[in-house]
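Chemist: What follows is the residue order along each chain.
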Amino acid sequence: MAFQILLNFGVAFVWMFIVQNFSGQGFIVGYVLGLILLIGMRRFFRSRLYIHRVWAAIKLTWLFIGELIKANIAVLKVVLKPQLDMQPAFFAYPTDLKEDWEIVLLSSLITLTPGTVVIHVSDDAKTLYIHAIDCTDVEGEIDGIRTSFERAIKEVSRA
Amino acid sequence: MKTNDVILQFTAKIVFFIIFLFSIHIFMAGHYTPGGGFVGGLLTASAIVLLILAFDLKTVQTGFNINYRLLVATGLLLAVGTASFPMFVGEPFFTHFYDYFELPFFGNTSLHTAMLFDAGVYLVVVGVTLTIIQSIGEDE
Numbered sequence: 001m002a003f004q005i006l007l008n009f010g011v012a013f014v015w016m017f018i019v020q021n022f023s024g025q026g027f028i029v030g031y032v033l034g035l036i037l038l039i040g041m042r043r044f045f046r047s048r049l050y051i052h053r054v055w056a057a058i059k060l061t062w063l064f065i066g067e068l069i070k071a072n073i074a075v076l077k078v079v080l081k082p083q084l085d086m087q088p089a090f091f092a093y094p095t096d097l098k099e100d101w102e103i104v105l106l107s108s109l110i111t112l113t114p115g116t117v118v119i120h121v122s123d124d125a126k127t128l129y130i131h132a133i134d135c136t137d138v139e140g141e142i143d144g145i146r147t148s149f150e151r152a153i154k155e156v157s158r159a
Numbered sequence: 001m002k003t004n005d006v007i008l009q010f011t012a013k014i015v016f017f018i019i020f021l022f023s024i025h026i027f028m029a030g031h032y033t034p035g036g037g038f039v040g041g042l043l044t045a046s047a048i049v050l051l052i053l054a055f056d057l058k059t060v061q062t063g064f065n066i067n068y069r070l071l072v073a074t075g076l077l078l079a080v081g082t083a084s085f086p087m088f089v090g091e092p093f094f095t096h097f098y099d100y101f102e103l104p105f106f107g108n109t110s111l112h113t114a115m116l117f118d119a120g121v122y123l124v125v126v127g128v129t130l131t132i133i134q135s136i137g138e139d140e
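Chains X and Z supply the protein sequences, listed in that same order.
According to the UniProt record's numbering, the first sequence is numbered sequentially starting from 1.
According to the UniProt record's numbering, the second sequence is numbered sequentially starting from 1.
Worth flagging that the hints you see were computed from the coordinates, not collected in a lab.
Incorrect hints may appear among the rest.
[To be verified] Label pairs and their in silico Cβ distance ranges:
no., chain 1, residue 1, chain 2, residue 2, range
1, X, Ser108, Z, His31, 36 to 44 Å
2, X, Gln25, Z, Leu21, 19 to 27 Å
3, X, Arg43, Z, Gly107, 38 to 46 Å
4, X, Ile119, Z, Thr131, 33 to 41 Å
5, X, Ser108, Z, Phe93, 48 to 56 Å
6, Z, Asp139, X, Pro88, 37 to 45 Å
7, Z, Ala73, X, Ala89, 55 to 63 Å
8, Z, Glu138, X, Val19, 56 to 64 Å
9, X, Ile69, Z, Leu21, 43 to 51 Å
[Claimed, not checked] List time: in silico SDA-like cross-link candidates among lysine to any residue, alpha-carbon distance up to 25 Å:
no., chain 1, residue 1, chain 2, residue 2
10, X, Lys154, Z, Ile14
11, X, Lys98, Z, Ile136
12, X, Lys59, Z, Thr11
13, X, Lys98, Z, Ala12
14, Z, Lys13, Z, Ile136
15, X, Lys59, X, Lys81
16, X, Lys59, X, Ile28
17, X, Lys154, Z, Ile7
18, X, Lys154, Z, Lys13
19, X, Lys98, X, Tyr50
Backbone N, C-alpha and C fix where the C-beta goes; we use that ideal spot for every residue, glycine too.
Based on the provided sequences and hints, a complete structural model is requested.
Modeler: Next up, the structure:
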């Protein structure tokens with residue numbers, strides 16, 4: 001992935017030197033040309049084209065924005081309810097993400113969606129301890145995180 | 001029992017770069033917009049302090065193995081040198097010079113000796129802040 005981006009930059013710089021256009025415009029034209037070449041040469045790379053991962057990252061951003069709006073409305077309902085019948089809960093969320101940045105990203109996404117806060121990452125980094133403001137169905141909550149955020153993060157980090 | 005600070009450490013590693021770049025920007029912007037040597041130095045020091053908080057003193061010292069007392073001395077020398085240089089060419093103490101230069105790559109740039117004085121202030125602030133924090137932190 002990093003190698004492909006570096007190659008793309010290299011092609012863009014070569015293009016800038018060929019046409020003697022050292023502006024942002026020349027760079028962008030060269031970059032797009034390099035991207036087309038990379039797509040043509042994709043069977044020579046060991047890993048996926050990096051465009052797939054960029055697209056996955058964009059999809060993850062959209063997913064996060066959607067979840068943020070939904071969770072905010074849910075918390076608003078809890079706050080504005082006349083009866084105080086919410087069920088706060090702590091639960092352990094077993095994660096199978098390996099890399100540091102994946103765990104930090106998942107924790108940040110969980111914390112930034114209102115209603116759930118990551119309290120602690122276990123020492124072997126296999127479990128996240130999460131506090132939920134209104135959680136009657138722990139299994140459903142765990143499943144929801146696994147099928148939304150964790151799957152999207154795995155999609156980004158897949159080689 | 002070592003707790004797992006993965007979130008704090010990873011975030012500190014990334015945010016360090018952002019704070020450091022911003023501190024350089026603030027230092028450079030001091031002539032026409034708010035900023036300058038003092039604020040820039042404090043921001044640089046705070047970036048390093050963030051690393052010290054997330055990891056520990058020894059880890060950061062292996063990376064930034066700088067003698068901060070020497071940094072203070074260098075900054076003071078730079079400031080005094082910039083201030084006393086005009087006396088050798090028959091101008092009063094602390095006279096600043098500036099001119100416009102055609103630099104390669106940067107184009108027409110105005111260079112001012114106040115920048116050098118500011119760099120001295122910057123080095124002194126970074127050195128003093130980190131000397132204080134290190135001497136308190138190493139106290140057992």
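Chemist: Taking the hints in turn, state whether each one holds.
Modeler: Results for each hint:
no.: 1; hint: X:Ser108 / Z:His31: 36 to 44 Å; in the structure: holds (38 Å)
no.: 2; hint: X:Gln25 / Z:Leu21: 19 to 27 Å; in the structure: holds (25 Å)
no.: 3; hint: X:Arg43 / Z:Gly107: 38 to 46 Å; in the structure: holds (45 Å)
no.: 4; hint: X:Ile119 / Z:Thr131: 33 to 41 Å; in the structure: holds (36 Å)
no.: 5; hint: X:Ser108 / Z:Phe93: 48 to 56 Å; in the structure: holds (54 Å)
no.: 6; hint: Z:Asp139 / X:Pro88: 37 to 45 Å; in the structure: holds (41 Å)
no.: 7; hint: Z:Ala73 / X:Ala89: 55 to 63 Å; in the structure: holds (58 Å)
no.: 8; hint: Z:Glu138 / X:Val19: 56 to 64 Å; in the structure: holds (57 Å)
no.: 9; hint: X:Ile69 / Z:Leu21: 43 to 51 Å; in the structure: violated (32 Å)
no.: 10; hint: X:Lys154 / Z:Ile14; in the structure: holds (21 Å)
no.: 11; hint: X:Lys98 / Z:Ile136; in the structure: violated (37 Å)
no.: 12; hint: X:Lys59 / Z:Thr11; in the structure: holds (22 Å)
no.: 13; hint: X:Lys98 / Z:Ala12; in the structure: holds (19 Å)
no.: 14; hint: Z:Lys13 / Z:Ile136; in the structure: holds (23 Å)
no.: 15; hint: X:Lys59 / X:Lys81; in the structure: violated (33 Å)
no.: 16; hint: X:Lys59 / X:Ile28; in the structure: holds (23 Å)
no.: 17; hint: X:Lys154 / Z:Ile7; in the structure: holds (18 Å)
no.: 18; hint: X:Lys154 / Z:Lys13; in the structure: holds (22 Å)
no.: 19; hint: X:Lys98 / X:Tyr50; in the structure: holds (20 Å)
When each numbered hint is compared with the structure, violations occur for hints 9, 11, 15.
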